[in-house]
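If you're matching positions, the sequence shown starts at 1 in our numbering and goes up one per residue.
Mixed in with the good hints, there may be bad ones.
Straight-line Cα separation of at most 35 Å, DSBU-like style, residue types lysine-lysine; simulated pairs [claimed, not checked]: (1) Lys256 with Lys157; (2) Lys256 with Lys377; (3) Lys5 with Lys16; (4) Lys377 with Lys10; (5) Lys256 with Lys77; (6) Lys256 with Lys5; (7) Lys5 with Lys154; (8) Lys256 with Lys16; (9) Lys356 with Lys377; (10) Lys77 with Lys16; (11) Lys10 with Lys151; (12) Lys154 with Lys16; (13) Lys377 with Lys157; (14) Lys77 with Lys157.
What the hints contain is simulated information worked out from the structure, not anything from laboratory work.
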Amino acid sequence: MKLFKWDFLKIIRDWKVRILLVALFLFLASYSAFYQDRDLALPLEELRSEYEDTQQIFNAIPEDHFESARGQEIYDKLARQQSIIGMQRYILSEQEGNTVSGLESVVSDYVDQGLELAENRLFFYEADDFESQELLLSFMPSREEIENDLKILKYLKENNVDIDWNPLSPSLVLFNLINIVAGVFIFIIAAVFGADRFSRDQEFNWSISQGIPYSFAYQWRQRTFISWGLIWIITLSGIFVSYLLSTFYTDSGTLKYPVPLYAGEETVYISIMQYVLITVFMTMVLSYIIVKFSTGLSFVFRNIYLTITIAVAIFYLPYVIALTGSAAAWNPLLYLQIIPVLEGSWESLNNVTITKLLISMAVLYIIVEVVFHFVFKLIPTRTGKLERRKN
């Protein structure tokens with residue numbers, strides 16, 4: 001415990017560490033304020049565009065194509081689609097939820113209407129005997145988009161969640177912040193915090209025992225844990241403050257709102273809270289490995305900038321590995337990026353799953369441990385003007 005306290009005080013008393021921790025907290029805590037300044041399209045505006053597209057369909061398709069039995073069926077569904085979009089626009093403009101208080105019998109429910117709308121659009125894809133099907137589909141979202149819309153709407157209905165009219169709601173701001181933290185951002189932070197540890201020892205002769213009996217491997221693990229702990233205490237605090245501040249801008253949204261998660265073969269929708277817990281857990285594990293790696297590299301190179309450059313550069317390795325084809329799915333280095341796995345960006349490689357992500361992290365941890373086990377034994381060290389003991 002005394003050694004842990006000694007290392008902790010060494011790290012926390014470093015003015016550079018304190019500045020980094022304060023800067024990290026301020027960036028995360030103020031993210032929601034910066035996000036509010038973004039110019040995002042409201043769902044209401046998107047519905048207006050869809051309404052105009054529906055009007056154009058009637059003008060684009062020749063009238064005689066609607067005269068057949070199939071054409072009349074298509075015409076009725078298009079008319080119904082226009083009516084639904086009009087009611088959905090009104091519901092979103094009122095900003096009350098899935099319907100409008102006192103007008104439930106008139107405007108109905110947004111989610112129920114959305115389900116009907118999606119089913120009608122899928123029907124258009126099946127209407128092969130309609131003469132202007134190709135022209136009709138040119139005004140429609142892709143089949144994949146429609147199927148994803150169905151999944152979202154079914155989730156909203158099953159979990160009794162209101163449609164969110166505001167893309168700047170606290171829950172969606174939190175979702176975007178978590179994705180930023182889980183990207184190259186955490187590599188940079190982990191690399192910066194880990195890169196200075198052993199380098200500082202060499203400069204100020206703190207390791208006067210030269211690893212005996214307080215071994216360099218023990219110092220490495222302990223300092224990794226301290227740096228990693230400080231990073232995540234500040235990161236989680238900053239995320240919480242950011243979410244809290246965003247609730248002052250708007251009271252819409254809920255942590256039960258659905259977001260996509262790639263489940264190996266298809267995209268499923270889970271709540272933002274579930275997504276945050278999954279992503280934060282995996283990012284914490286990966287960041288521990290990166291801090292451990294950069295702390296070890298600082299022992300080897302004694303150069304802060306080289307250590308940071310190498311640690312951050314490995315973030316981009318998955319893009320190189322992805323070029324090797326489907327075999328890349330079994331390469332643990334592919335999983336150095338978490339978000340592409342969760343979003344399904346590596347879907348073309350086949351069998352890229354969260355299970356493999358967890359296994360790969362375990363493999364990467366073991367590799368780092370084994371490599372630096374030999375590094376601390378085989379690489380000669382020098383602490384300032386003090387030579388390693390011969391005996």
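Now for the hints, and whether the structure bears them out:
For the hint pairing Lys256 with Lys157, the CA-to-CA distance comes to about 12 Å; that is within 35 Å, so the pair holds. Taking the CA atoms of Lys256 and Lys377, the gap is near 51 Å; set against the 35 Å cutoff, the hint is violated. For the hint linking Lys5 to Lys16, the alpha-carbon distance of about 19 Å falls within 35 Å, and the restraint holds. About 25 Å separates the Cα atoms of Lys377 and Lys10, which keeps this hinted pair within 35 Å; it holds.
Restraint check for Lys256 and Lys77: the C-alpha separation of about 32 Å stays at or below 35 Å, so the hint holds. Taking the CA atoms of Lys256 and Lys5, the gap is about 41 Å. The hint is violated against a cut of 35 Å. With a C-alpha separation of about 53 Å, the suggested pairing of Lys5 with Lys154 is violated against the 35 Å cut-off. Note on Lys256 and Lys16: the hinted pairing is violated, with a Cα-Cα distance of about 39 Å set against a maximum of 35 Å.
Under the criterion of a C-alpha separation no larger than 35 Å, the hint pairing Lys356 with Lys377 is consistent with the structure, at around 32 Å. Only pairs whose Cα atoms come within 35 Å are accepted, and Lys77 paired with Lys16 is rejected, the gap being roughly 65 Å. A threshold of 35 Å between alpha carbons decides the hint, and for Lys10 with Lys151 the separation of about 52 Å lies outside it, so the pair is violated. Distance hint between Lys154 and Lys16 is unfulfilled; the C-alpha atoms sit about 50 Å from each other, more than 35 Å.
Pair hint Lys377 plus Lys157 does not hold up; C-alpha atoms about 60 Å apart against a cutoff of 35 Å. A threshold of 35 Å between alpha carbons decides the hint, and for Lys77 with Lys157 the separation of about 23 Å falls inside it, so the pair holds.
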